[in-house]
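Enquirer: Listed here are the chains, written in short residue letters.
There are 2 protein chains.
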Amino acid sequence: MDTSIFGALSPDVSSPIPMYLQLAEYIAERIRDTQLPASTKLPPERQLALSCGVSRTTAINAYRKLEEWGLVRTKIGSGTYVTDTIVETAVHPVPWSQLLVPHPPSPLSSIMRDLVSGIVADTAISLATGLPDPALYPLEAFSDLQSRQLSNLNRGDMGHIPTEGYLPLRQSLASLHCQKGAPTAASNIAVVSGSQQGLYLLAKIFINPGDYVITESPTYLGVLPVFQAAGARLLTLPAPGPLQLDLLEDYLIRYRPKLLYLLPTFQNPSGRILSLSERQALLALAARHRLVIIEDDTYGELYYGQQPPPSLKTLDHYGGVIYLGTFSKILFPGLRVGWVTAPESVITRLALEKQYIDLHSANLSQWQLHEFLASGLLPGHLDAIRKEYQTRRDITASALKRYCGDRLIYSLPAGGFYFWCRLAHPFATARQLLHEATRLGVTFVPGEAFYPDAEGNKEFRLCFATNREEVQVEGIKRLGKSLDLLDKNFRHYDQAQFQPSKPLI
Amino acid sequence: MDTSIFGALSPDVSSPIPMYLQLAEYIAERIRDTQLPASTKLPPERQLALSCGVSRTTAINAYRKLEEWGLVRTKIGSGTYVTDTIVETAVHPVPWSQLLVPHPPSPLSSIMRDLVSGIVADTAISLATGLPDPALYPLEAFSDLQSRQLSNLNRGDMGHIPTEGYLPLRQSLASLHCQKGAPTAASNIAVVSGSQQGLYLLAKIFINPGDYVITESPTYLGVLPVFQAAGARLLTLPAPGPLQLDLLEDYLIRYRPKLLYLLPTFQNPSGRILSLSERQALLALAARHRLVIIEDDTYGELYYGQQPPPSLKTLDHYGGVIYLGTFSKILFPGLRVGWVTAPESVITRLALEKQYIDLHSANLSQWQLHEFLASGLLPGHLDAIRKEYQTRRDITASALKRYCGDRLIYSLPAGGFYFWCRLAHPFATARQLLHEATRLGVTFVPGEAFYPDAEGNKEFRLCFATNREEVQVEGIKRLGKSLDLLDKNFRHYDQAQFQPSKPLI
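For the protein sequence lines, the chains are A and B, in the order given. The first sequence begins at 1314 in our numbering and counts up by one. The second sequence begins at 1314 in our numbering and counts up by one.
You may find that some hints are simply not true.
Repeated chains share a single entry, so a pair holds when one copy, or any two copies, can fit it.
To be verified - The calculated SDA-like cross-link candidates involving lysine to any residue, where the alpha carbons are at most 25 Å apart (straight line), are:
no. : residue 1 : residue 2
1   : K1700     : L1725
2   : K1517     : G1544
3   : K1493     : E1381
4   : K1700     : A1727
5   : K1794     : R1735
6   : K1493     : I1330
7   : K1571     : A1594
These are computed hints drawn from the structure, not numbers from a lab.
Pulled out of the complex, with its shape left as it was, chain A reads as follows:
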């Protein structure tokens, strides 16, 4: 045996992995790669400790660990030996990639992960993620309520609760609907872990493979992989501009779709808002065809001027609207509390599905949120954030005007978190702009991410909510410089025989 094997180990004292384990792992590795073949007698503990510069206890524990793993055997009075039975099996790793169910390759999944993890944002100014500003999260109020209300809490409510959610919270949410003019009982509410889970569950309970589903185009990017994984065939309604009821009716007659998913108020990403008469006409058509509508109202409370028309749920006269709400944008995403409002039979079926996924959503979040709502703190909080986000929208608008001028086409959003921009340049694409922007330290989401069909290559989404004013203005300034670079690139191409079909990246 080559005893220098043991001298070569240099334990890492700063690692959270205890020294004896590092030593055991090192020797195990040498056994697996047969540098220490079967039946080899290993050095006595004292000698091992000396060779590796560790204490004798560490050496003893390392051998004990190797014995646990079945890699060595101790013969009393004789010493420690590499075993010969298990070793041959240990050298072939488990073929994980063969064992895993193939994942549908979706370019969206990586974009979504980046948006959620904020990876993009680490080194640059992010105008990408639709994140409320952490400075505006009412964390102090939540913490205060937790301390003050703990003695009033029924401790059993921190045990298992019904899958549909914490009953006092379901009652609070039903009241919110009633106040807005939609008669709603607690039994019509299911609390879910963010509106994303609401979408996942609705897809599970409504969509059979091959079913037609209508979404807007562009639309919330997180819905597309969910509907696709459920086997839906997607039909699309253009999101910006007036609601195309003729096209919708055509779909209804031709395909008998299962669902229409839409964001009627401050649509993500386009910012479009449906007028009251559009809503009424939509509902009349939907009622005639018994079309189920999923209304995603993520941004409904975030208006910066006139209050938007009532939600479809409030206007619903045929009982076919399922409402999806969330506190991620108006309180904080880390609560992971959204809700689904629907007929009781749908809520029951949804809970049947949800129980296999997580039994129920986190009680700690549900309880604290209920206390926040019950304390009447929401309306004041909404006023405060509307004011702040309105300022940020306006500052973003002036910065866009100043630094990007007429090179971008967009309208001023009346609510929500986003500017939806289109490049005026006849050939440049949003990905090309992102390429320049990333180098200059600013990011956004290219439009393609929001389209079910491969469209939108000249469009992109800018979030104006996350950053404080100076940072936001600096971000837009960098965007302006990125446009300069893009122009320069194209002039360069013009001179050197312009080839519009050749992509820049």
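Fit chain B to the known structure of chain A by using the hints.
Expert: Showing chain B alone in chain A's frame:
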């Protein structure tokens, strides 16, 4: 028009639904059932208010609401009329039951829902749900930590975080493994919403329809519908008694199963614990066949005597063990925090699936749990609850001896939450006993719920953790009385010509 229609309404002032909405709903209902046919002129607001005993404002708002719903039209200077276009469509409700994806009929789903919702427990002493005692939840410590640590919190950590979980918590969890002798990095950990979600995700990423999966029989009841919904074909290993390695090897050769799911320590429901040598032999066999093992270690910390042998994860020498942990039994279920420990490639694939389901688990729970672990509060808490639950186990054992005598067969569990009992009576079933027990105000889970195959009709599970001593003893006393009744029933049958094939319920 029959104006008495309006006098018949009696608004409910205690309802959370505002008065004007109740009125609007009432009139809408009369329009739908054609008591108020199309084009009917409705009474002026003042008269409506009088007939219904509400204020004029309420009447005005009710008409406005009906107009919003498209059910009435106001002609200026003329009055309010029932519309004639929408009405015909509004009378047919949406056929929800036709639209929903059929749900696999599973008797387990209702049992699970009852267990989680505690419906069973409302009127009786529940020995059914595997719930830790709410009096032992460390809620005060959590609340204190939230107040004290809020100023140290990076507020951005309450925004969106990576799907795999809150990094400091993942590090804490990796350290727990390292301390026990399983080298683990944060990248090997995914935080999930309870171990139930871990099971759901693992089923999603590993099981293709038709794949063979091995479970113990009986086993945790929440896993069965998850594996079945994924399309798995189940093979079973008997849970009580020594591990049947021959049978396992036979399965491995004959069916090449994808997974083995088991609880090696204080198995739910049987309480069985695998010895160190059984664990090592299992791992040697698994390594030879590249079998992936999901080790569910829900009860590993709940030992009431000698510490159990190391987990399979700690003993794993071939890298094929996926570990599933949870804080539901040792802290409180309402945290909804569990975790999966696995090779990084599995964690990455699992996160890809989880992002569509809920983006990530609740940050509030993850942050508070991390602070709890970082404050070093876990070991002391575990000592305290082990002591308490040991007392309850012993008290339950003496009560069983006293009130049930030799009519039940069971062994003393060395850990976990349950007595796994078998009726000594040659014909009686656990369901029959439950029938009597429910009438006397005590419940438990009949054994069939834990069997993938229709077995276990003489067995049942009693939880000894949830109730304080007096309640627990009273519960067992009632169980004893239920056995008396059962005996009496059978004697009655004996006299009146005993028919063993005829079920009692």
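Enquirer: Does each hint fit the structure? Answer for all of them.
Expert: A quick look at each hint next to the structure:
For the identical chains of this complex, K1700 and L1725 are intra-copy neighbours only, at 16 Å inside a copy versus 64 Å across copies, given an alpha-carbon limit of 25 Å. Both within a single protomer and between protomers do K1517 and G1544 lie at most 25 Å apart by alpha-carbon distance, with minima of 10 Å and 15 Å respectively. In this assembly of identical chains, K1493 and E1381 lie within 25 Å of each other by CA distance solely across copies; the values are 12 Å between and 64 Å within a copy. Taking the shortest alpha-carbon separations for K1700 and A1727, only the intra-copy value of 13 Å comes in at or below 25 Å, while the best inter-copy value is 60 Å.
Taking the shortest Cα distances, K1794 and R1735 sit within 25 Å of each other inside one copy (16 Å), while across copies they are farther apart (77 Å). Taking identical chains as interchangeable, the C-alpha atoms of K1493 and I1330 lie at most 25 Å apart only when they sit on different chains, with a minimum of 10 Å there against 56 Å within one chain. When the C-alpha separation of K1571 and A1594 is checked against a cutoff of 25 Å, the pair qualifies only within one copy, where the shortest distance is 19 Å, while the shortest distance between copies is 53 Å.
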